[in-house]
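Could you build all of it, start to finish, from the sequences and the hints given here?
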Amino acid sequence: MNDVKCVLFDLDGTLADTSKDMCDCLNNILERRNLKKVDCLQLKFHISRGVVGIIEHASYVNGRSVDSSLMRSEFLEDYKKNCITRTELVSGMDFLLSELENMSIQWGVVTNKHYKFASKIIEGLSMKNRSSCLITGNMVNNPKPSPEMLLKATDLLRLHADNIMYIGDDERDIIAGKSAGMKTATANFGFIKNDINYTSWNSDYILNKPQDLLDILKKL
Numbered sequence: 018m019n020d021v022k023c024v025l026f027d028l029d030g031t032l033a034d035t036s037k038d039m040c041d042c043l044n045n046i047l048e049r050r051n052l053k054k055v056d057c058l059q060l061k062f063h064i065s066r067g068v069v070g071i072i073e074h075a076s077y078v079n080g081r082s083v084d085s086s087l088m089r090s091e092f093l094e095d096y097k098k099n100c101i102t103r104t105e106l107v108s109g110m111d112f113l114l115s116e117l118e119n120m121s122i123q124w125g126v127v128t129n130k131h132y133k134f135a136s137k138i139i140e141g142l143s144m145k146n147r148s149s150c151l152i153t154g155n156m157v158n159n160p161k162p163s164p165e166m167l168l169k170a171t172d173l174l175r176l177h178a179d180n181i182m183y184i185g186d187d188e189r190d191i192i193a194g195k196s197a198g199m200k201t202a203t204a205n206f207g208f209i210k211n212d213i214n215y216t217s218w219n220s221d222y223i224l225n226k227p228q229d230l231l232d233i234l235k236k237l
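So the sequence shown is residues 18 to 237, counted in the working numbering.
Be aware that one or more of the hints could be misleading.
Taking lysine-lysine pairs in the PhoX-like style, the calculated list, with each CA pair at most 25 Å apart, reads [as the list claims (entries may be wrong)]:
| id | residue 1 | residue 2 |
| --- | --- | --- |
| 1 | K98 | K53 |
| 2 | K22 | K236 |
| 3 | K22 | K235 |
| 4 | K98 | K137 |
| 5 | K210 | K226 |
| 6 | K97 | K53 |
| 7 | K98 | K145 |
| 8 | K22 | K145 |
| 9 | K210 | K37 |
| 10 | K145 | K37 |
| 11 | K98 | K37 |
| 12 | K226 | K133 |
| 13 | K195 | K226 |
Calculated directly from the structure, the hints in this document are not laboratory data. Since this is a predicted model, take the numbers as computed values, not measurements.
Put into C-alpha cells, the structure is as follows:
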C-alpha cells in the first residue's frame, strides 16, 4: 500500500524551469556594463547555487571577476520584477501534479530561494491554491543541505517524515531529504550537468521525467 501522503519538490529545475528569466536578467545587467553575455543553457547548471553561482559563472565567461554587492542587488531587483516572465512548469509536471491530486496525495515546494521570488513564481504559475506548503530559505536559520526546511514542512503538514517524498535536482536536496527521514528522488530532468554522477547521491529513486513518479507510487 502506498504510504506516501505528500510529495515535496525543489523549485528551480525540478518543479519549474526558471533558467530563462534568470539568464535574461543577468544578461541585461552584463550588457549594460558592456560585458560578455552568458549562454542560457550553460547558466542553468549554476542556478542551484543562487545569485552567487550565477555571477561566478558570469565572471568565468568574462575572464575576470564581475562580482560586486551592487551587481548582486541590481540582479535581485531586476529578477523580482521579471521572475515569472518566461518561467514555466517543467514539461509533464502539470500532468503529474494533477495525478497526485487525483490520488489524494498532497504536494508542496521546499526551496532555498527567497519567499519574495518563490511565492511570486508559484502564484504566477497558478499553483498557489493547489500547493499544500511553500517553505523557502529565508524561513529557517539553516537552508539545504540542512534538513531544517523539510522538518518545518512536516510540522506544517502534520505528517511523519516517512510519509513524505522529497524530489530535487541537486545533491543538497537529497542530503536534506535523507537527513529529515524522507524518501528521496533525484530529478534527472532538472539542472544536472552531464558529467555529474548523480547516482552517487544515493537517493531512493531516480526520475528521468516527472511521470516516472507515478509508476513508483503505484509499486509502493
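Q | Satisfaction of hint between K37 and K98, Cα-Cα up to 25 Å | A | Given pair K98, K37 holds - Cα atoms ~14 Å apart, limit 25 Å.
Q. Given the hinted pair K210 and K37, is their alpha-carbon gap at most 25 Å?
A. holds (17 Å)
Q. Keeping to a limit of 25 Å between CA atoms, is the pair of K145 and K37 held or broken?
A. holds (21 Å)
Q: Quickly compare the C-alpha distance for K98 and K145 to 25 Å and report which way the hint goes.
A: holds (18 Å)
Q.
Tell me if the straight-line CA distance from K97 to K53 falls inside 25 Å.
A. holds (23 Å)
Q) Taking only the CA atoms, is the gap from K98 to K137 under or equal to 25 Å? A) holds (10 Å)
(Q) Between the alpha carbons of K226 and K133, is the straight-line distance 25 Å or under? (A) Violated, at about 28 Å.
Q. When you check the alpha-carbon spacing of K22 and K236, does it fall within 25 Å?
A. holds (14 Å)
Q. Within 25 Å, alpha carbon to alpha carbon, are K22 and K235?
A. holds (13 Å)
Q) K22 and K145: Cα distance at most 25 Å? A) holds (19 Å)
Q: Given the hint that K210 pairs with K226, test it: the Cα-Cα distance must not exceed 25 Å.
A: Holds, at about 16 Å.
Q) Keeping to a limit of 25 Å between CA atoms, is the pair of K98 and K53 held or broken? A) Distance of about 23 Å is within 25 Å: holds.
The structure fails to meet hint 12 from the earlier list, while all remaining hints are met.
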